[in-house]
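K.L.:
Single-letter residue listing:
There are 4 protein chains.
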Amino acid sequence: MFETQEEIPEIRERLHRVGITNLRTIARINWKGKFYTFIPTFEITIDVPEEKKGIHMSRLVESITETMSEAVEEEVKEAHTSLEELGLAIIRRLEKKHPHRRAEAWIKTQLIMERETPASKKVTLETYDVEVGVIKEPEKVEKVLKVIAIGNTACPHAMANNQGKTHIQRAIATLEIRTDYDEEIPLEDMIDVVEESFSSPTYTLLKTADENAVVQAMYSNPKFVEDVAREIIFKARQRFKGNIHVRVLSHESIHKHDVIAETWN
Amino acid sequence: MFETQEEIPEIRERLHRVGITNLRTIARINWKGKFYTFIPTFEITIDVPEEKKGIHMSRLVESITETMSEAVEEEVKEAHTSLEELGLAIIRRLEKKHPHRRAEAWIKTQLIMERETPASKKVTLETYDVEVGVIKEPEKVEKVLKVIAIGNTACPHAMANNQGKTHIQRAIATLEIRTDYDEEIPLEDMIDVVEESFSSPTYTLLKTADENAVVQAMYSNPKFVEDVAREIIFKARQRFKGNIHVRVLSHESIHKHDVIAETWN
Amino acid sequence: MFETQEEIPEIRERLHRVGITNLRTIARINWKGKFYTFIPTFEITIDVPEEKKGIHMSRLVESITETMSEAVEEEVKEAHTSLEELGLAIIRRLEKKHPHRRAEAWIKTQLIMERETPASKKVTLETYDVEVGVIKEPEKVEKVLKVIAIGNTACPHAMANNQGKTHIQRAIATLEIRTDYDEEIPLEDMIDVVEESFSSPTYTLLKTADENAVVQAMYSNPKFVEDVAREIIFKARQRFKGNIHVRVLSHESIHKHDVIAETWN
Amino acid sequence: MFETQEEIPEIRERLHRVGITNLRTIARINWKGKFYTFIPTFEITIDVPEEKKGIHMSRLVESITETMSEAVEEEVKEAHTSLEELGLAIIRRLEKKHPHRRAEAWIKTQLIMERETPASKKVTLETYDVEVGVIKEPEKVEKVLKVIAIGNTACPHAMANNQGKTHIQRAIATLEIRTDYDEEIPLEDMIDVVEESFSSPTYTLLKTADENAVVQAMYSNPKFVEDVAREIIFKARQRFKGNIHVRVLSHESIHKHDVIAETWN
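So the protein sequences, as listed, match chains A, B, C and D.
Position in the first sequence (first residue = 1) + 22 = my numbering.
Position in the second sequence (first residue = 1) + 22 = my numbering.
Position in the third sequence (first residue = 1) + 22 = my numbering.
Position in the fourth sequence (first residue = 1) + 22 = my numbering.
Rather than coming from a laboratory, the hints here were simulated on the basis of the structure.
Since the list gives no way to pick out one identical chain from another, each pair is judged satisfied if it fits inside one copy or across any two copies.
Derived lysine-lysine pairs resembling PhoX-like cross-links, with alpha carbons at most 20 Å apart: (1) K229 with K187; (2) K119 with K144; (3) K143 with K229; (4) K229 with K119; (5) K229 with K118; (6) K74 with K119; (7) K130 with K168; (8) K257 with K168.
Produce the complete structure using the sequences and hints provided.
P.N.:
Below, the structure is given as structure tokens:
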């Protein structure tokens, strides 16, 4: 059997990120004492030194599937308590299987949070796209935490010029923090920061009384995408340590295009 | 050289649609005397009789590229006056290259229309996704014309319950007509029907006076997606002959999900 | 409080499908005695008679969330044994909440199946996109079952003309069956039919011995997309009752575009 | 009329990128003496100082549409000779309309190139996704040039272990260069570098003799994604000045997931 990957390549060039991506498999999290099963999308990469032709891709897959293997059965023996713990567990397993200097594990999934509707106080389940990356360099381990929440903006400029009438639209905000692996930042807290910064949060379930409450909230809280971005980065900086990146995109209801506000520290 | 396609397949089964898809190439249209160059996406299919293993895919590509070949050069000799004429020209060329009983040619592209902003009366260029399919059966040729336009809806229910305040959002409507090939239905007329049926059309350019006009229009014209769908199919039936399909989707500003209204005759 | 939805619309026109779409929430299935939690995407629609202006969207959301509400907690009381059972449960709950003549419930999610790698006989978990629709008409209930599997094709024409060398590519096949609600067709059986019809199935985990086995399988089993489509519809017709639709798309490795074969009975 | 944008925001925070995105409109390029019309997607942003609440979005739109306005008519007076020239022209126009310290103009479109098929020497038109960004900082103007090309990889490891048989798949490579605005780097040259680095380029039109030539090329040129990435960055560094980023993604024919190789200098 030939191990072509171990040969010396014609062009000697270190590569920073080589691996697998868009791999979906089952995972299981022990989240505050309750078990959640879900199907995230994974990207796992390592670097390749200049004297090696390639990497052994199947060892990356094994690192995922072995870490996850307990998750298929209901009688799970071990479940990780956060996505970053899961990511680091994959990298630790990979260290025994494949030499490398740096490694990354990225996990993309959805988070479900229980919310209360604003007037009727009913339970509503809300979903959020989240992504967590663990980046292991020779001297340190960092993580990237990313949450995406859907809210809305009511334009203050149109409101000022139309006796309280304005255009309103769905807006999508992303908050991303790159920080030390050990820094404790719950994704749920990041979602809270984003969601509180819109003209109003959005809800999956809204009875008429709730719908009225959301309408009132939007009109009493008009915001540009600029305002949403400023509020997110301001609050995030107060609560979380790390490099913060904010991007707000609004699907303008009066235009075919979108508007954006993006900033970072 | 082997012609594997001509062999008899193990499983004898007539296939209805075999061909190429997601092929992008340059095309050129003589549209009311002016030449427009654009890069549509093509899907061309023919049927395969039960005694043939496969089709000669390259002949489908040639039918497109030969029909289009004049389009690359500025000094075009011949340009088709509509997307359906282009589609039929591809099928006619294909008839000489590859035997078949039925054939389809689908062309997806964008259309640019010049509009006037509602107050300042400036010129604004608006883009619309359109798709045209030509379907040749042994006994007849039909076409499918499809336009997609972006407008908005202001919710009449929230407006009635909130003293004129309401939630507003971007909405996307699709009008599709299947009709005889010879039926003359300009895509621009279809776009007009769709665009007039929203609470307000959307514009790429809006100065403050225009923005105010759009805001006023939305509030004096509140509509459910249901209302938009009803108005499109009602007007479309009056103006166009054929099987009409309408789909309106609204990116609710108070929800994370979308709402739809769909109907047909 | 105004119920604008109950008003008579200006344009009287029955609408076939009005509702919510792209709604993601948590669901729980009791699948052969084991519980699986996942986050599907829902579309629920009902028809609107010509004398009603609109529907009460929140009742559709409630029908989903109430049916699902047990799913959040680990100590679930009741879990449905299939996606169609879940869909019908939503419709049945909706019948008590909102009058209608016809209703549809569509659930899109991923299915995980345990496979064995071809040579080393290791366990590999494979994911498949699936969609199930339940369509309730006044006189009957039907369902649509749809599975999507990823395999590959090795071109027999190039192989015949290049002494056994050929081009190979990833291919994606969709099998859709519309049938009576009571017809028992496991999605897993449909996936089996699709997956066996490629030049070879694909695997998430492949050690070198397995990779060799897949390579050998592809070369000893060259297929056009036409062959894959024929094999799927032939086998599906033998095993399943209903209207069958097959679509195979191959991401040609020698072209920028894709090729397709589509057929139905 | 109120100019809400000029107000002082509650939270004082400089924003780096505020503007419009996903705006499609018509553009016209004078490319080596010939005129090409196309419909790119634009993103234009400026920064917002901490004492201003927002930007005047319509001025960004005007900067695009005025720069482009000549493009609609066949009798064009002025056409730019490259996408970066177009981007800078938009920024220059914006300088007169809206104060700012930094501005970015991003243009995403497709490029058509005429190629020759490898054996029959027929003309084939190939399309490539390209994106150009112009980034104006107070002290300098830079540009980002990005091309995406579709080729294929034939796996050398499987080939070594299967007597010349191997798995082959479509691969997609991105080459991105950030450099001084004045650095002359034709997108076509960048595409050439990428396309020559695969096991073989792909072609829209391939007659059987050409198909055979591509098959032979792939087998005599087996490559990992790692090899493709190394070759692209090696050649790019020799020909182009700037910060180079390479990403190669391959749609593995034996897996459901993709593999990647990414590197930069």
